[in-house]
Amino acid sequence: MQLKRKLADKLSSGWMIFSLAFFLLLPLAIGVGLVLKSKGLLHEHSLLDLLFSGNWAPSQNKFGFWPFIISSLWVTILAIVIAAPVCLLSAIYLSQFAPRWALKLMRPVIDILAGIPSVIYGVWGILVMVPFVSSLGAILNKETTGFSILAAALVLAVMTIPYVLNMLLEVFRQIPVELQEASLSLGATRWETIKHIILRKGLSGIISAIGLGFSKALGETIAVLMVVGNVVQLPKNAFSSGYTLPSLIANNYGEMMSIPSYDAALMFGALLLFAIILAFNFLFRYIIYKSEAL
Amino acid sequence: MEQTTATLKGIIHPYEHYGEGLTQPIVEVKGLNVFSKNAQILKNIHLSVPKNKITVLLGPSGCGKTTLLKCLNRLTDLYSDLRLDGSIFIDNEDILNTPRDITEIRQKMGLLLQRPFPLPMSIAGNITYGLKLKGIRNKKILEAKVEKHLRDVALWDEVKDRLSHSANSLSIGQQQRLCLARGLAVEPEIILADEPTSALDPISSKVIEEEFIKLKNDYTIILVTHILRQAKRLADYVVFMYYGEIVEHGDAEEIFNNPKTALLKHYLESGY
Ligand SMILES: Nc1ncnc2c1ncn2[C@@H]1O[C@H](COP(=O)(O)OP(=O)(O)OP(=O)(O)O)[C@@H](O)[C@H]1O
Ligand SMILES: [Mg+2]
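For the record, the sequence lines run as chains D and E.
Numbering of the first sequence is given in the UniProt record's numbering, commencing with residue 1 and proceeding in unit increments.
Numbering of the second sequence is given in the UniProt record's numbering, commencing with residue 1 and proceeding in unit increments.
In case anyone wonders, no lab produced these hints; they're calculated from the structure.
It should be emphasised that the depicted structure is a prediction, and the values quoted were computed from it without experimental measurement.
Treat the hints with care, since some could be wrong.
Dumping the calculated SDA-like pairs for lysine to any residue here, alpha-carbon to alpha-carbon at most 25 Å [claimed, not checked]: (1) 104(D) / 165(E); (2) 290(D) / 80(E); (3) 134(E) / 90(D); (4) 104(D) / 123(D); (5) 37(E) / 290(D); (6) 201(D) / 80(E); (7) 104(D) / 94(E); (8) 201(D) / 36(E); (9) 201(D) / 115(E); (10) 195(D) / 37(E).
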């Protein structure tokens, strides 16, 4: 009996260490793999050229990733800028003011929204968002086909909202009601309590929810690919078409392999995406760290 | 004692049921009922809390002491499933049916909870929070207040070098004293304390108790406690509750030496 328990203990801790190591090494392994695969490209071109040149002509062996980087950032940042306030306000409303049944009703709705496959969001984007952006462009006198950064950002925002909202609801649920009672009893109004206490207490949680939403949005492929237009150019404004890094890879991987270095270039694109997500993760970590120290 | 009467909105309510030597009540609860969705938590509560005394609420767990305390500054507003009827007069104003801004009324009461809940800001920020809500912005005044109120709860010497640190860096006992100080900073008339020492070590508990005895010169204190000995040390007036009702109330001496109901006798003997 004693032996069995000890064995189980050993086994389980061994298993835990193994899974921990696996998860620690996985990103490293992916990163190294991508570097190795894109090494060919890095030999032929300077890193600066690859990153900041806008010249994309694979058949002439020109690989400038700048338009893809910019498109990706544009789409993602715009999506988060749209989604974050919506999420924050609904999370505050649902956790603070709404009757309990409203929250109970919202939970499954949120789960369903989060579970819809992205290709369906893409179709919805084509059917609804693209025409919407197109007519908005007509009103604002902007030249657009509708397949644009803005359409992609709107679709992405809708996709990110349930994901971030879910995390925010959890953040607010964790804040003890006694803290609100303390604030109210000192003479604060509901709104002052939310502003000074709830948002302050939940700040690091809010940042990390938005950060995770950002990473998810940055990597989203299919839905964006379907509505962003896939034109290699530096987008002039939100109504221009763009071409994001994930779309580039998804659209072209496995094709046109006759062009030398193309394979390596796509791998480099993946590496870039990976690096950008990593960089933003560190940025958000840093902000969270700072906000916790306060 | 002479029968006092006060007229408010045409209602005449004599202060009858409190003992000799006690001053005019500052809190007057009349026919208070609290309902949750499927139960009645407080049943027809009538209660007068004498000024500048320590009133202790006693009773077994779940009898509604915390709920009664929360009614007094209408924190029950936070819980949409609670329904209140009756009236609670504070300084002759029915706070359950007043058109006046509840935040001002709440500043008449300092609240101390079972565990300390420091606001997510600095030590000094905890004290100045309520003052800033009152509109006090002058730095000199705020600094002076921070020092005064931290001294009042014997915390100043321990924290004077780290006023800008997070309040969470304090020990539990220190946090609870900070919570008392921040409540005092808004200059309330009444202190509502819900088992304020139950999470504390003996030393910190003693500091809080001593503080209460000092504070009662200037404040009216309503204290919930499960510690009978603490109740005996502190109470001037005792209210004994059982399943949402007030079973017995009166001067501390009378209640502890001469309990009338069997329920109270049993509670005093067994502690539950
Ligand atoms: N928001 C609420 N909704 C529904 N029921 C509640 C609510 N708050 C309290 N109750 C119920 O009211 C009753 C009294 O609770 P209360 O917290 O006032 O008791 P208490 O006397 O303070 O107990 P304790 O000594 O354990 O702190 C309990 O049965 C509790 O379940
Ligand atoms: Mg209680």
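Going through the hints against the structure:
no. : hint            : result
1   : 104(D) / 165(E) : 39 Å, violated
2   : 290(D) / 80(E)  : 36 Å, violated
3   : 134(E) / 90(D)  : 29 Å, violated
4   : 104(D) / 123(D) : 29 Å, violated
5   : 37(E) / 290(D)  : 43 Å, violated
6   : 201(D) / 80(E)  : 23 Å, holds
7   : 104(D) / 94(E)  : 35 Å, violated
8   : 201(D) / 36(E)  : 29 Å, violated
9   : 201(D) / 115(E) : 17 Å, holds
10  : 195(D) / 37(E)  : 30 Å, violated
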